[in-house]
Amino acid sequence: MKKICSLLLAMVLACLPCATALAAPDQSEIDALRGTKLYVYNWGEYISDGVDDTLDVNKAFTEKYGIEVVYDTYDNNEVMYSKLKGGGVSYDVVIPSDYMIERMIAEDMLEKINFDNIPNYKYIPEKYRNLPYDPDNEYSIPYTVSYVGLIYNTDMVDEAPDSWTALWDTDYENRILMFNNPRDAFAIAQSVLGMDYNMESPVAWKVAAELLMDQKNVSPVYVNDEVFNKMEGGEAAYAPYYVGDYLTMHDNNEALAFVYPKEGVNYFVDAACILKGTKNKRAAELYLDFLNEPDVALANAEYICYGSPHSEVYTNPDYTYYQNALLYPEEGAFKTQLFTNLSPETLQLMSTLWDDVKNYIPTAGSGTHDFFFGEVNSGSTEQTDGKKLTPEARKYAICIGVFLLLCLAYVIFRYARKKYRESI
Amino acid sequence: MKIGSRIYLFLVFFFLYAPILVLLIFSFNASNSTSVFAGVSLQWYRRLLHDSATLQAFRNTLVLAVSSSVLATVLGTAAAVGIDKMKKGPAKTGLLATTNIPMMNPEIVTGISMMLLFVFVGRLIHMDTVLGFGTLLIAHVTFNLPYVILTVLPKLRQTDPNLAEAAQDLGCRPVSAFFKVVLPSIMPGILTGLIMAFTLSLDDFIISYFTCGPGFQTLPIAIFAMTKKRVKPDMYALSALIFVSILVLLLLYNFMQRKSDERARRKEK
Amino acid sequence: MKRHPTSRFNVIASPYAVWAALFIIAPLIFVVYYSFTDAAGAFTTENVSALSKYLPTFLRSIWFGIVATLICLVIAYPTAYLISQKTENIQRTMVLLVMLPMWMSFLIRTYSWMAILEDENGIINGFLANLGLPRVHMINTSFAVILGMVYNFLPYMIMPIYSVMAKLDRSMVEAAQDLGGSRLTVIRRCIIPMSMPGVVSGITMVFVPSVSTFYISQKLGGGAFDLIGDVIERQFQQSYNYNLGAALSLVLMVLILISMAVMNRFTGDEEGMAI
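First to last, the protein sequences are chains A, B and C.
For the first sequence, the residue numbers in the working numbering are 1 to 424.
For the second sequence, the residue numbers in the working numbering are 1001 to 1269.
For the third sequence, the residue numbers in the working numbering are 2001 to 2275.
Hints were generated in silico from the structure; no laboratory data involved.
This one's a predicted model, so the numbers in the text were calculated from it and none came from an experiment.
Glycine included, each C-beta is placed from N, C-alpha and C at the ideal position.
Watch out, some of these pointers could steer you wrong.
Capping the alpha-carbon separation at 20 Å, the derived lysine to aspartate or glutamate pairs in EDC-like fashion look like this [stated by the list, open to error]: (1) A:K216 <-> A:E159; (2) C:K2086 <-> B:D1261; (3) A:K281 <-> B:D1261; (4) B:K1002 <-> C:D2038.
To be clear about the criterion: a stretch of chain B counts as covered by chain C if any three or more of its residues have a C-beta under 8 Å from a C-beta of chain C, and this derived list gives those stretches [unchecked claim]: (5) 1012 to 1024; (6) 1257 to 1268.
All chains, please: the whole structure from these sequences, using the hints.
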């Protein structure tokens, strides 16, 4: 790692002069942008930040073009979307995932990129262009590509799993982690069921939700970033997560292993886009171009540990993950699916079903099936009104009731005592 | 009994400080894990110095906490003085009831309702970026205000109303009577309110989460944004530094206070 | 400035009155507005009627809130009393020590609790294993969630109770003792009734955030104990369903306001609370 860092630094130093030379043609236009601000909204921990003598991408950009980068971070696509859609904020550059890009294009939230201003786009090979979320390649430039897979702890699991069904293995009760976001969690259930991740059939979504409720029998722990702590600390046997993150976990716990389940996995692309209403489009394009300069892309790939779509990165023998079999698997080695944008109705359904999954308590024995079909129905909620409370809810209701009664008894007691004392 | 009470207090403080002890230990971790301790190293402290984003977020948090607590203290003290002078009636009752709302309202509701308001106003005046430092400041002042008012009010009630009148009778103008007589007597309350407001503002995550905007992320928001990737241990290093520096300040203050108390006692003799 | 406090409304309070109207009252109107409209802005009661589905979550949140508040009260009351018995200098230090943990981000502190409570690698279980005792499963249980709440909100209970106790008239307590009251009688007859305002505001300051928290339940509860705060956060941040989120918030708010009003009514403190 250290060697790479110093090498990187040398490369940066070597590249800076030639980079300035390259930018010559519309120099005056770029000079005019000096002193302006560029608002970038990206995932947390998703850019090389200059610690340990790596490249500080935002600082390097400012040094090169004199444009100040105002950099904020978000924790997931939906939060980013809500913040932008909700209004009150405006950014220039944003880096959403595939399906979210499709949604933002559909809702006219993205600005077309002028690819004449992105000479470094030449490093993006054909297979990462014209992907389904942006078929004509007008709005986005891939930033990272990666896969979801199954991480397992070889200290706890004797036989290497090859299927997502390991996450339903009752031998590992309390020892199974699960995605704490609906889209990724449903994708696993859909893989097991052999379904399309992007299906629109409400019945099929309900079947997938049923499978997720079934998983409650192993008491899965729903996690985001806690997956790092828990897997490294040997707290859990199985966890689905992103392959790049597995590689960093492996550094801290050698007992961890990774597999791409045979049912297929989610393949995702996070891509840089320019937002509609940007006040500094030219600077945004400079930024996108800058992200694809070979040294910058390499620094980011090293930092983020996800796959890079940049040809100068993954063919670079000095790159830590050069020809890494997990990060850059052979094409067609296993089934993959991209997420695409779902219709608002399906999104709504997914969100409601996810609430149901989270609040579902498995009833012992075979009753789960009937319970499930008796409970869930899309959209209207009339039928759920009449349903009985779950045992857990009833327990809480009784507890609260007893507590209130005690309070009432105490108040009455005080009142009576007061009256009694007055009467004496 | 005495030993028992000591043990009890020790246990309570141990409970309060146990996670901070853990945080201190992991800030010296040689690996980037926050669950596996791989040996002692200072790397996270070194990295922290180069982590401009984290330091910026920390600066933002401090700026926000200081400005919002000061503003809330000034506004809140004035409000408390005004409320104290009011006669009982609907205006007073209403104002007091309103004061309790941000305290009784769940933080998440406060945050969301303010966000809805700000966004609406932003649309009204055709402003793209209405969320930012300003809205964060307003939100923080709003939830700090009740704490200031409710610490100052009891102090005002304890002060003798004749005091200010006496000062005025002696020729003081009402304003200077307030500053010379009333203010010193309610000062402890104001200070408690200020510290309380500062602490709440520093610790707030939920309200900031909804009302923050471009270019002004506070520390808790930056930490929360790491939800997909791991929380960097240099956050632990930063927390450890904050903790130790405050502790040192606290001990120094305590020491000086003791010294001045002793001096006062000697003088009395 | 008038010399006698006879005015119904005082000018000095007017900046605050304006502020309160703009930033306390007005935002609530938006919550109500969003609760009764759909995404297109048309009037609907669908959001409110959809709430019945979340009844179990409401019940769980309220119960967890009650338990956490009671535990906080039990821990905090003696603590506040013992602190108030110290010399002034020590009191000051101790109060600041109670507040100090809150100056570290609560997200990080919750993370630390995860490290303490974990099964295999957790500090408590490591300790137990070293002593040859069986491991205890703590993380991802309701116990861990409530512990997280108690930990995070305990200072909010200690502070108000302490500040009332510190103001208690010592001479009165001494008089009670002189009149032959035993230590316990003095506490029961004198200190407890007089510290009630502090207890009431402590209960408010702990119960309200406990009911509505969303981070603690996710990290320490393993996502298996969805609290109402989690659901509201999901509606606003994940599902972009402001209307349902607002309706849930409205119900939560009304529930809390009612319970607090009832509590204040019966503890008979008419002029706000003490902190």
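Here is what the structure says about each hint:
A C-alpha spacing of about 23 Å is found between K216 of chain A and E159 of chain A, which places the hinted pair above 20 Å, so the restraint is violated. Taking the CA atoms of K2086 of chain C and D1261 of chain B, the gap is near 15 Å; set against the 20 Å cutoff, the hint holds. With a C-alpha separation of about 64 Å, the suggested pair K281 of chain A and D1261 of chain B falls outside the 20 Å cut-off, and the hint is violated. This hinted pair does not check out: K1002 of chain B and D2038 of chain C have alpha carbons roughly 62 Å apart, beyond 20 Å.
For the segment 1012 to 1024 of chain B, the stated coverage by chain C holds: 10 residues have a C-beta nearer than 8 Å to a C-beta of that chain, and at least 3 were required. Taking a C-beta to C-beta cut-off of 8 Å, the segment 1257 to 1268 of chain B contributes 3 residues in contact with chain C, enough for the three needed, and the coverage statement holds.
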